[in-house]
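Here's the letter readout for the chains.
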Amino acid sequence: MTAPITGKQIGRSLPRLEARAKVSGRAEYTHTMRVPGMLTAKLLRSTVAHGRIKSVDVSEARKVPGVFGVFTGEDVKRVIPDPYYGPAFHDQPILALGKVHYVGEPVAAVLAEDPHIADQAVQLIAAEYEELPAVFDEVEAAANEIVVHDELKPATTFADLKHLKGARNTNCALDFKLRRGDIDKAFASAAQVFEHTFRTQKVLHLAFEPHASIADYRDDGVTVYSASQGPSFVRTEIARLLGWPENKVRIKVPYLGAGYGGKLYIKLEALAVALSMLARRPVKVALTMDEVFYTITKHPSTFRIKSGLDNNGKIVARKCEVWWNGGAYADIGPRVTQKSGFTASGPYDIDNVSVDSYALYTNLPPAGALRGFGIPQLVWAYESHTDMIARALGRDPLDFRRQNLLREGRPQATGTILKDAAIEKVLDTIAGRLNWDAPFDRGSGTIRRGRGLAVGLKAVISPTTSVAIVNVAADASVTVYCGTIDMGQGSDTAIAQIAGEVLNMAAETIRIVPRDTDVTPYDMGTLGSRSLFHMGHAVRLAAEEAKTKIAQLAREVGEPEGSNAPLPELFVKKYGMRAGNIVGTGIYKPDYVPPDPATGLTPNATPFWMTAGSGAEVEIDTETGQLRVTRLINVADCGTPINPKIVETQLSGAALMQLGFTLFEKMHLDGGQVTNASLADYKIPGIHDVPPMENEVVAAVQSNGPYGAKGVGELATFGVSPAIANAIEDAVGVRLTELPLTAEALLRALRAKAGKPLADD
Amino acid sequence: MTTRIIHFNLNGRAESAQVAAHHNLVEMLQGQFALTGARESCGQGLCGCCTVLVDGRPVSGCLYLAVFADGANIVTIEHLGSHGALDPVQDAFVEAGALQCGYCTPGFVLMAKALLAAHPDPTEEQIKDYLSGNLCRCAAYPEIINAVKIAVRKIKAGPTG
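Going down the list, the protein sequences come from chains F and D. Quick note: the first sequence uses the numbering used here, first residue 1, plus one each step. Quick note: the second sequence uses the numbering used here, first residue 1, plus one each step.
Mixed in with the good hints there might be a few duds.
[To be verified] Just the calculated beta-carbon pair ranges, DEER-fashion: (1) Ala117(D) / Lys419(F): 52 to 62 Å; (2) Ser678(F) / His7(D): 49 to 59 Å; (3) Val593(F) / Thr123(D): 28 to 38 Å; (4) Pro568(F) / Gly84(D): 57 to 67 Å; (5) Asp114(F) / Asn11(D): 46 to 56 Å.
[Unchecked claim] Restricting the straight-line Cα-Cα distance to at most 20 Å, the calculated cross-link-like pairs of lysine-lysine (PhoX-like) are: (6) Lys185(F) / Lys99(F); (7) Lys128(D) / Lys683(F); (8) Lys185(F) / Lys54(F); (9) Lys8(F) / Lys54(F); (10) Lys63(F) / Lys77(F); (11) Lys149(D) / Lys645(F).
By construction, these hints were calculated from the structure, which means they are not laboratory data. Idealized CB from N, CA, C, for every residue including glycine.
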């Protein structure tokens, strides 16, 4: 064991603080937690996609020996009169009320000490529905012929949703508009116009720890143990549902068996609380993996994109229409629609831009944020489109991008000036690694090879707030209190490194307390690669305040300036014994100007831009459509890496996850029913699916970031899908416009191109 | 519900448990011994998060019925290492950064133990083949392969290495 290094903590690749607990199997997760006296809940889920509940007969289930109780939405209303929750809309009932809106929606819950008995009793509940017409496709939903919700109920949180209060006969949970320049005039005068439509499929997070919450309700307060990425929000929402002050609601979060956006905002917490209120005992709701497919997913999307070019190949106009399939409940979809929507025109310098981004309700399992907050869907479309234009013009795709690239100091579509986004460096690094200008072996016969690249841009979600406390004990040991959830991204380690840098202490000696809203202060949520920047600043500020107070203490006890007296001695001098604390606090909220409601324009859309891209080489068997990624290069700008090893792991992990979404992952749906809701039927990347891969962080500094840093968790998802689609066209001359890029899709396209199309199945 | 008492060796101690016919090993370990390192994820024996060594053989604890463990020697992740020192395989996983959320990690560590027991000096292909029954959604696969290679070196170097 080497001694901890004091001094410079930024840039150290030290192992994760919690690594020993994780390799020893001793890290705690909610899904495996037990509370004395607890009951387990099992759920009856809707079998129809849209229907009126005629009856739910629970009498047989109640008779099963060992069943504590069976509860429906009507029972929930007895303890929570207005039982609707959600971050953007209060649209989701704790258990279905009146109607069901998707296959898999929770309708009733059985409580028992033995989960097997609860499971068995669920089978005896008889629910009858009057089926209603359902809508599944996002573009069809936009026509409002079949309406999912009778009336829209926006939460009060977001100003741009207020106008939707009470809206009827619509599936649109947000219509975000951006208007820059004069798009009609620009298209009218364009030398050439290109228009394409791209689609993405429904996939899911599939975090290996399925969702789990345990609620212990007492009359004087409720404690919820939850696998949550955002305990502060959960606390606010549970307090609202109960009509309680927040200090009576305690949310405790141990380590998370990953999240990727799937455990954000509120998921099972309200249900666990309601059941605990009804049972007057602690209740655990822990999903099995098949149920996760009916809980939260990624937005399928349709993106119609149109570009006008002048005679020199400069893009002068771009019109973007994006339809986001949000499923039956809005979750955070409206924010995905807006916060990602405003970057839909891509990392290009275009004077005339029009964006329409629509959040749509459908009768599918709800969709939320998944590692990129909508950006991967957008980059997939605009980087495929950009490549197609280059090819149509006979231009080199790299050269065409370089000509049109958004450069430092130029306004992005919102009007916000691009700053600290090394887009060009990212693109050049990918091209350099691909040896873009050197001859490339394109294969021959039935084995063909190609290469492609893609680059994306994201604005971190804003405005958001983080609060942190740094507590120095009288023995000089340091504890950090912050709400950022370490779900595998290594945030605890990075936060300890930042605190250690300020206080000149080895990061591994600093303790990060487990997340508990009774103890850890407010944080908006662990999402969208925001934590290292926002919480990093809050922790830095808290540590700096502690450092200032340490200097004050030294002066108070008469130490001369620059004295090296050990800190514990200062405490003893002040308090006469080992006693006391020094507490520093830090609050960080960046500046922000909301977009103009009519134009979507703002001089300050975001505190930092995120940019990354990928390059891919592929090999295709033209007889079978089988595709092999022979090289995958992921390059990102994350400012100064706080922990280079963890950064590398984040890039690699994100790229491999996106590789699954690109090549094979897909939730198959039949009448709203997921027909492959298990790991046996829904393939995710395994150890044999890892292609030869290179990851690189470009030299860059985020000038307003903590120690020049910014977030990294999502970055490598941006470019993977379009880079591979672009490589496919480069290899075999066919263009796939819908994910995933399966062998079947590729073979169909190859056969269609050869004039010998395959029959539909 | 019919139950029976089974006897087995668990992490080096003689133990017994009362189990029903449908109880799987994970339920028994979590419910009766508070051992949560083997944990259910997919529930189908596909992800490897529930890996337990039974008589030295890795099994999926979510499918393996507890009654089958009667008379067996059971080793869980909690048994590796001793007195605060990690097993060389665990140590290698820490060093290689071969984990993110950590939920699947115990399964990978135990499978790597089984691999190195059968093949003390595995090739990269052997590592991949042996670990292909374990899945990591965070996709720390490159680091996991590296961790196994580091573990081989650590084991060769002996306890002081």
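Evaluation of the provided hints:
no. : hint                              : verdict
1   : Ala117(D) / Lys419(F): 52 to 62 Å : holds, 55 Å
2   : Ser678(F) / His7(D): 49 to 59 Å   : violated, 34 Å
3   : Val593(F) / Thr123(D): 28 to 38 Å : violated, 58 Å
4   : Pro568(F) / Gly84(D): 57 to 67 Å  : violated, 26 Å
5   : Asp114(F) / Asn11(D): 46 to 56 Å  : violated, 26 Å
6   : Lys185(F) / Lys99(F)              : violated, 47 Å
7   : Lys128(D) / Lys683(F)             : holds, 17 Å
8   : Lys185(F) / Lys54(F)              : violated, 55 Å
9   : Lys8(F) / Lys54(F)                : violated, 66 Å
10  : Lys63(F) / Lys77(F)               : violated, 23 Å
11  : Lys149(D) / Lys645(F)             : holds, 18 Å
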